[in-house]
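Q: Single-letter residue listing:
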Amino acid sequence: MLFNSIAFAVFFILTLSSYWLLRRRYRIQNLLLLFASYYFYGFWDVRFLFLIVFSTVLDYTCALSIRNGHMTLWQRARASLFLFSAALFCLGINLKAFDFGFVEHWPSLAVDWQHVLVSKPAYWRVIFAVAIGILLFNAAYPRLTRLEPNHRRRFFLAMSVVMNLAMLGFFKYFDFFAASLQSAVESVTGHTLGNWTLGVILPVGISFFVFQTMSYTIDVYRGCLQPSTAVTEVAVFVSFFPQLVAGPIERASHLMPQFRRPRTANLACFRSGLWLIAWGLFEKMVVADNMARVVNSTFAPFSNADGMTPVPQDGLRLLLAIYAFAIQIYCDFAGYTDIARGTARLLGFDIMLNFRLPYLARNPSDFWKRWHISLSSWLRDYLYIPLGGNRHGTLQMYRNLVLTMLLGGLWHGAAWTFVLWGAFHGFILVAYRVVAEVSKKGAVLIRKVQCPAGAAESEMLAESLVGEGAESSGVVSVETAGGGSVKCCRRQASLRLPVSRSVEPTDVPGGENHNGLASVGVAAVQILIMFHLVCLGWLLFRAQNMATVGIFLRSIFLHPHWSPAATDVLWTLVFYGWLFVLLEAIRARRGTETVLEHWPWFVRLNVWLVVLMSLLALSVRGAQQFIYFAF
Amino acid sequence: MRFNRSALMLVAKVGTGCVYFLLVGEVFLRFFSPQLMLPRYVCATDYGIRGNTPSQSYWHRAPEYRINIRTNSKGLRADGEIPYGKPQGMRRIMLLGDSFGMGYGVSLEDTFLARMVDSLRAAGVKCEPVNLSVSGFGTAEELVALQEEGFRYEPDLVVIAWHATDLDDNVRSNLYAIEGKELVRKNKTFLPAVKSREMLFQVAAFRWLAIHSHLYCCLRERSAEVVKFKIMPAMRRLMDLDSPESELTDEVAGTPSMYPQELAIALLSEIQRQCRLHGAELLILDIPTRHSRTEFQSTFPSDLLDRKDVFHIYSPIADFQRLSGEKLYWEKEHGHFTPLGCKIVGEGLARSVMEFGLLAGEAM
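Keeping their order, the protein sequence lines are chains A and B. So the first sequence is numbered by the working numbering: it starts at 2 and just counts up by one. So the second sequence is numbered by the working numbering: it starts at 10 and just counts up by one.
Simulated from the structure, these hints should not be mistaken for laboratory data. Values in this document were obtained by computation on a predicted structure and should not be read as measured data. Hints are not guaranteed to be accurate.
Partial list, computed: chain A residues near chain B (C-beta under 8 angstroms) [stated by the list, open to error]:
#1 ILE7
#2 LEU610
#3 ALA618
For every residue, glycine included, the Cβ atom is placed at its ideal position computed from N, Cα and C.
Chain A on its own, in the form it takes in the complex:
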């Protein structure tokens, strides 16, 4: 069910109304949210709902076993029953045998009893395997809980990680690696291996909910979080529909406590929630979908490009198309996130910020603190730091950065272009570290030459410039955008949009900055350079193959000419992007989460009207899929 569809609007209105009717019973609200979330996901394909339930029960079990040492019989029974029921319902029941409708204005349900059960043997084999697995696990469980505590904790952690990654690996990467291995063997040996791919369907949102459930278990293992004893609580955390299929990848420490207390929503929450939804729809349906038209028409001729494909002579058109894709992917993803946050806010929940004006980043490190914050912080906390982070020397740090970004690229999709995109970002992160290190040493040297007395202070200041990668190992409090705070074990990306001002090398502690214009100029150049580096990465991300990348680069650098088609692309960029760029620039200047804060009512009214009229008149017809649904 797409956020930008009538079906979702009807679904959400019904859910929201029922939800607030139950406002005095938050546990029943949680149940309602759970059913709504399962319906939301099952609307696409009910079979894959089983994967969410499987991941839920797996991590519920592992977390309790890690922390408490064991699960009670009742807890195990409930979890086992939940899992088996889900397997039966999702895989064993043929929902097409049920027909709900109205007969003579009365609701009626007709059942084709002969076809109620699914007839495919493969599905029954899976249900049987689930049943056997449950029985074997319950039989072995007492023995597992008698392991030495450290071994037990590691065993259940490994079980969660291995099984979650196996599920993700099979559904997302099996066909990709099988096809790649096949073509590699064929090109090297010349032998044809036959077709090894299985045609596996990629479940929507699997990359998101698998990472989310894994983070829950890992945080319990690290002692940052108490595991939940209620399987429904873990279930609704995993499946919470606003952020289920395309993030943000929420942390249990932030989201789960919100399910454990009554939610309140005042008029300000409703206003900001509605604004986030409207703005998210604007980003998606007006900006992103219209940019997609010029991007797709520019890239389409190169879908089967090879070395013989002619290079276009109007390179500036291709450059503008890459800018358009940069705006498209940002608005598509940020639009989804804003709708998710707005939807959650109307339900009384706070979901983390996922973007902080990423195209104003000045360096690669800054970019990854602003883009897809939930993923980058997840990779930092659960991959980069466990690999060693920057604690074992410079070369190890570089290796860890590249590995993390490579896997981050692979997370986005099963294609070598995504891996290359990840590698590209890994490379520029390493390059930035090298340059920053050299700059730091250079700055210290200059200070020593110019002002030997102030050199020590400058050294400390310069240290802060490259201290972004340093991780804290203590417990810190992080302020949430909703005004509360949560404790977490690692320094998380700030959830509140800060007033941005980074320390410049020309700043002297305790003194005035005499270089205001110069620093603005330097910042502008840095932003411009970083934006173009990111665009180069987007070319790798969007291109159908490497030949397309080569064609685009040759055209842009060797044939930077204008054409009437370039004018069309520029017009699209300006016409559909001006309001978005203006409001984002205002947001950056004011440092507020939403642009409407603290504005007079008349200005807010007009902004609302322009956004609504744009949705009515300028949006692309037909609900278009979100890009990140494919991940």
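With chain A held as given, fit chain B onto it using these hints.
A: Coordinates of chain B only, in the frame set by chain A:
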């Protein structure tokens, strides 16, 4: 007293807000997204389907053109009256189609029917046009219109303008259906929103809005899309009504059903049978879908392509491709023919008439 004042203030605020919204919306659309002002004047005919409102003169405004449309006292797009009986020695060419047939986007003399008649006259054929097209028509409605009204004009040649929307429109109208391989009439009427429209158009302010307000046109278009393609099919499915939309998908395979094509074939066959009974020839114009200025696609039911000897079909794709890059369709409205597109189609139709010998016999 306090209550009345605060209630009045609230009403005044809401009222002012609404008026402000309407004004801002209107200004926004005129600057950023001028709407297609294509008012449709349709009414209910005596024979249960839509027809053009008689004796009307109104303007169509789009970013690319502005044209005037006039209908005579019988609702035909024409500048004068056309008697049922035709003059001695005159051949009558009757066109039945939708907005393409009506000539949306072009003046009367630039319609492809007019161009066709001009070309035939230049070739020495004494003929006159009769345009029974109505915007929104499908093949089913064309058959009904032909039977109830069209044959009164004693046409010698009937031209059916086939368009991509006809497949679904024939199913949706539910005027005819195929039962046991036979074409049967299912419903006597198909008047989608006609009655409500007639009622609203009696209000002068509403009529003025329909003609002049971009905001009204935008809201009307969006709501029509939502109602036609989302709400009505969902309601029919839920109410378990004899849902024509259910015929659009194969329930078992979940693939597009062949029923719309079968229904279209049956309707065209019936039209041909009726034409033969009334001594008229039939020519089908296959209006292609435009993908770009150089790419066009036929949506004609593929089964019929093998039966060209049964139906006379003219497809202008080859003629369009010879003019590669020219603007043959309007690009900022619903995609109707430009005057150049109409000229090509009209000349092509005239050429087909001559090649197939459709007006070769003596005039009746």
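Q: Now, for every hint given, state plainly whether the structure supports it.
A: Going down the list of hints, with the structure as the test:
| no. | hint | in the structure |
| --- | --- | --- |
| 1 | ILE7 | holds (5 angstroms) |
| 2 | LEU610 | holds (5 angstroms) |
| 3 | ALA618 | holds (4 angstroms) |
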